[in-house]
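Q: Spelled out, the chains give:
2 protein chains.
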Amino acid sequence: MKKFEEKTIRSEKIFDGKIVQLQVDEVQLPNGKTSQREIVKHPGAVAVIAITKENKIVFVEQYRKPLERSLIEIPAGKLEPGENPMIAAIRELEEETGYSTNSLSFVTSFYSSPGFADELLHIYITNDIEKIENPRAADEDEFVELVELTLDEAKQYVEEEKIHDAKTAYAVLYLHALERR
Amino acid sequence: MKKFEEKTIRSEKIFDGKIVQLQVDEVQLPNGKTSQREIVKHPGAVAVIAITKENKIVFVEQYRKPLERSLIEIPAGKLEPGENPMIAAIRELEEETGYSTNSLSFVTSFYSSPGFADELLHIYITNDIEKIENPRAADEDEFVELVELTLDEAKQYVEEEKIHDAKTAYAVLYLHALERR
Numbered sequence: 346m347k348k349f350e351e352k353t354i355r356s357e358k359i360f361d362g363k364i365v366q367l368q369v370d371e372v373q374l375p376n377g378k379t380s381q382r383e384i385v386k387h388p389g390a391v392a393v394i395a396i397t398k399e400n401k402i403v404f405v406e407q408y409r410k411p412l413e414r415s416l417i418e419i420p421a422g423k424l425e426p427g428e429n430p431m432i433a434a435i436r437e438l439e440e441e442t443g444y445s446t447n448s449l450s451f452v453t454s455f456y457s458s459p460g461f462a463d464e465l466l467h468i469y470i471t472n473d474i475e476k477i478e479n480p481r482a483a484d485e486d487e488f489v490e491l492v493e494l495t496l497d498e499a500k501q502y503v504e505e506e507k508i509h510d511a512k513t514a515y516a517v518l519y520l521h522a523l524e525r526r
Numbered sequence: 346m347k348k349f350e351e352k353t354i355r356s357e358k359i360f361d362g363k364i365v366q367l368q369v370d371e372v373q374l375p376n377g378k379t380s381q382r383e384i385v386k387h388p389g390a391v392a393v394i395a396i397t398k399e400n401k402i403v404f405v406e407q408y409r410k411p412l413e414r415s416l417i418e419i420p421a422g423k424l425e426p427g428e429n430p431m432i433a434a435i436r437e438l439e440e441e442t443g444y445s446t447n448s449l450s451f452v453t454s455f456y457s458s459p460g461f462a463d464e465l466l467h468i469y470i471t472n473d474i475e476k477i478e479n480p481r482a483a484d485e486d487e488f489v490e491l492v493e494l495t496l497d498e499a500k501q502y503v504e505e506e507k508i509h510d511a512k513t514a515y516a517v518l519y520l521h522a523l524e525r526r
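Chains as they are written, first to last, in my numbering: chain X, 346 to 526; chain F, 346 to 526.
Which copy is meant is left open, because identical chains are indistinguishable; a pair holds if it fits in one copy or across any two.
In silico lysine-lysine, DSS-like type, Cα no more than 25 Å apart, as pairs: (1) K386 - K507; (2) K401 - K348; (3) K423 - K476; (4) K363 - K386; (5) K358 - K423; (6) K363 - K352; (7) K398 - K476.
Keep in mind the hints are simulated off the structure, nothing from the lab.
Required output: the full structure, derived from the provided sequences and hints.
A: The following block contains the structure:
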């Protein structure tokens, strides 16, 4: 889909970080005029909706520096360069929660914020998880705490904005819709 | 919620653009070590789930330079500084679709990508919309085309990844869940 395509006239790299890159593109608009687009490049990410044998949903609480607060989110993490999203999902689930899984299904994928960023998020689901004795360590600058909630508790946390990010809001709504099938 | 708080040691502003700002914070982690956080600042955004009298959902197709493709999304736009989100939602609906509304309800809000950005998105819904004769003009560098779909068509577009962003995926799932109540 290329409707209203904006051709790149010039692209300036502003920042090349650990997680994101920032560039400013000068573009030609469909009416021939030019404009600037600020673009954040991101490697993409994965997230997992994991359900325990007790029918609880697995979340992690972690501090989100951009918001200066912590959030309760489904386990997630960014892709390593070239990494298969499903493998990344298994890895992040293990690192962040200590649960392993042998069966994972794709739910959906979406761009988090297509107006300024290219981050594509892949969401998986599993109800086949097991605690492992020696889980892979999380990244050394990552501090997360496991939180397990019923669907009703999770909906309450959405109301209270303890759960307040796109992927986790989607996950709670997805499980809500599943339950009503 | 301040669990695992990361105190700012130093904050360096990298870029100050039209839409986003980028800064790199040096932070003290809960274990006393330090790390860097790359943070994209964004003014926040609004989006509207608008339903026509014919029970179609109102979308717009637009080119998303970060993805080098167009997407079909619910009408949305960023907040002006200090702007009331509900007023912004009415404005964006009118500018992007030519529909006005006199009744709008809050659905939810969520952070698009809390790992690296502070963008908070507010979603509203209305089934009371009317075409206006002289709608406010869209931003001069914004080219959008109105697309009206039934819920089944929208679900099909999600499958085909023509609809492929977080807020619109959420909106389609929300309407799906509503229908099953």
